[in-house]
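**Q** What follows is the residue order along each chain.
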Amino acid sequence: MTATVYFWQIGACACAIALAPLFAGWVAQCRAILQNRSAPPLWQPYRMLRKLFRKEATLAEDASWLFRGAPYVVFAAMVLAAAIIPSLTTQLPAARVADAIALVGLFATARVFMALAAMDIGTAFGSLGARREMMIGFLTEPALLMVLFNAFLMAGTTALPAIVQNTLAQSHLVLHPSLAFAAVAFVMVLLAENARLPIDNPSTHLELTMIHEAMVLEYSARHLALIEWASWLKLFNYACIGFTLFAPWGIATHGVSAGGIALAVLALVAKLALAGAALALFETGSAKLRLFRAPEFLTMAFLLAVLGLLVHLLLKA
Amino acid sequence: MNELATAAPTAVVVLGLVGAWLLVGGLGLLRPNAVGWVARVLFPLGALIGLGVAAAGVAALLPAFAPQRLVLPLGLPDLPFHVRLDALSGFFLALLGSAGAGISIFSAGYFRAGEGTAPGLLCLQYHVFLASMAMVMLADDAYLFMVAWETMALSSYFLVTTQHRLPEIRRAGFLYLLMAHVGALGILLCFGVLHGGSWEMTFDAMRASTLAPFWMSVAFLLALFGFGTKAGLVPLHVWLPEAHPAAPSPVSAMMSGLMLKTAVYGLLRVSLDMLPGGPWWWGLLTLALGLGTALYGVIFATVQTDMKRLLAYSSIENIGLIVAGIGLALVFRSFELRVLAALALTAVLIHAFNHALFKSLLFLATGSVMHATGERSLGKLGGLIRRMPWVAAFALIGSLAIAGLPPLNGFVSEWLLLQTFLQTPRIPHAFLNMIVPLGAAVISLAAALAGYVMVKFYGVIFLGKHRESSLAAARDASWLERIGLAWLALGCVLVGAFPQVALDVAGRVTQALVGATVQRGPSPWWMAPVAANQASYSGLWYWVGLLLATGATYLLVRAFYRGRTRRTAQWDCGYPWQTPRMQDSAEGFGQPIRHLFGPVFKIEREVPLPTDAAPKYRIQIEDRFWAACYQPLGRLLQRITERMAVLQGGRLAVYLLYSFLTLIFLLVCVL
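If you're matching them up, the sequences are chains A and B in order. Sequential numbering from 1 applies to the first sequence in the numbering used here. Sequential numbering from 1001 applies to the second sequence in the numbering used here.
These are computed hints drawn from the structure, not numbers from a lab. Just so you know, these numbers come straight off a predicted model, no measurement behind them.
One-sided excerpt, in silico: chain A residues whose CB lies under 7 Å from chain B: (1) Leu59; (2) Phe125; (3) Arg131; (4) Met135.
Computed list of chain A residues with no C-beta within reach of chain B, every gap over 12 Å: (5) Thr2; (6) Ala267; (7) Gly285.
Beta carbons are placed, not taken as given, at the ideal position from N, Cα and C, and that holds for glycine.
Working from the sequences, and respecting the hints, build out all of it.
**A** Written out as structure tokens, the structure is:
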């Protein structure tokens, strides 16, 4: 029993690590199709990883140990986050180590290390990117916590597997108004945290408007590969958080059997395909906001989440 | 004395250690200018005594410990000093001793001759300061408490004005002394209300006195005012960002890390121990003040350009979080939700301990930086991670801990505080159970901004290029300083890895204060304070997971990576003419916050014209409370004293008349 639980725990992690580039490739493909461009193949991200892991790495002369170590920490943080989020099964030993608040802490750790690494070389674009990233970060983090608070109050727990079980235990589909507010806020947070439009453009080549890309300008080869992989994992993790909170159907709950997991994988792939297409559609339809409009966007997300909280507390709904 | 020693052995030990601190201080005067004697012998001795105090504090936290009392043959006739050692004093003594030991060891490597006050005198002031803080925590009557409190204020005043030749430091010291006395007045009046007409000054008598609800509220508000002034609650915080940077760094560390905790101790002692219960609005007021303070402090911290002022504002933020937790505990207690009150208090106590560790650590690190570079303005630092790797590594731990990142200690208390907020919908009050949970939004915003502050603090000081060419000659801290820093950093890591132990320790205090404890949960590996299946966190396994994942990634990449690594010039999008001035300055890094929270600040800005031959940009950010509260108050005081000056005519005959009239008046009163 316990051995299989640990086996599936590692399996869920490996699945996230393997699937994350595919998800990123799918979003890129959908975007290209929607924008009438010829689409890159689905496995383009894997090719990119292979290329980056073969190249010679160049390090700036005054790069310190923090700069060299940060990609590993960021990648590890994202892998740990994938271990906590019940994307396939709710029988996760790791989810007892860290609940959803610690999950937010993991994302914050990754962000802080990324920003510190960006400041390490002392280039103009690096510190610019770090400053902007921290600005977006301090706005999204409370919004994300408030979204999670909605779910916590509804389920009476901060453990993500228990939230999933709580939702799945309900015999019929109930639409909670507070969760609807939270869902909208969550999508806004997801866009901002993953450097997507309208906050940041993942495919930009204009340095002055960059946020995430400006921070990683000095990285190359294996370090860059880890950072790219980590950011795909982050998008994957965020999508999975969204599924656990708002659409947990398909996640294996009672006991872990190979069949249940297979079903969960299928459900996950289907949900990811839908979510990726929706993300691409949204991104195609929106334009990048000016940097100082971004706080308004994120304040709105925060207020929506707080509104959801108020609705829950007022109406118990 | 023998029977005393058997009746209260631990308390006698603590008193002996306090006496030893005073003795060590006095020994400093033997050879006041011998740096070797003071720094290499006396300060390490003080650190050892600190460890002893911490051990005695821990002894008072053991489950079998019963509160110990002593009556000292000191003080005024018929008014002896009462001393009591219980779980609450024990907890704060452990905090004082353990963090104080780190600061003392650091000080042994830090203090040098020729910096203001002579080392021997400094040593006396330093140890009197430590001893008076310990006595505040031991005092069991209002008289001893006020004596210790005032000694603490005075000794720290002299420490703040170590560099008394600089006028701005004298000014900061005066402001500090003034605010300390205004606060002490509040505490004195609070005790005056608490004895309830019995004129018994022992705390036992105050606990036993029955007060009308109105007078209880008056006492509570006076305590909140008095201790709030010491703690730096907005709007009583103005002295803090002036006094903390003015002091030498170890003293800043003591003031921020330890002295602010005496205010927390006092507030807990009066509001939860001496006042038996109160209406819920006490808690709501405290909670609102705490949340406001937290947000205000952290917003101001983001825009500071002096590294010690930045840390001082960050202390205001942390005190805000602590006071908000006390407010929650008071709300819960007023509804007899004792376990939840214990949960809130646990968060408060652990955060107080954590703050003592990481804030001291960061203040000490700024001391090393100042000694190595002679600069404390963020705009003239940068790139020190390459010159001072040890200090940079310890400061990184402190910065990550204060930013509330797991698996360090700051996260533990933040986690507990958020868990407490999640329980607030259980308050049986239709208005409160709706409004209080929203406080979590403020807490999370403050915590996220704290991350911003720490990236700025660490990034601008230690990362990037040297902003001044002189920084290339900076040397790392001496080994004594490193030991002090390492001790505090180790504390941050250990509390983060074993939060369940901290939970048990805090449980002893909450049992004494609110009559309930928070259980760590069924497993020894995680803490699950609410319920096992609702919320759990394991610092140790988190550490293991993070280190394993990072290590495995590193080894895998090493095993499969085929390319070489080459050092080249930086790229920066191919822009070749990079100078250190193109990095973000401290002002630049705070710019988004200045933009977003513009109305909070009072900004004075000088922007150069395009035609200026020598363009100059200057920006000054001030506290609005100065102009709104303190300056009108000062002007009013000035006007009143000018009127009163009429009495001082300068003629002897008139003065004699005053004495005569006073005498007549007193005689009439007596007869």
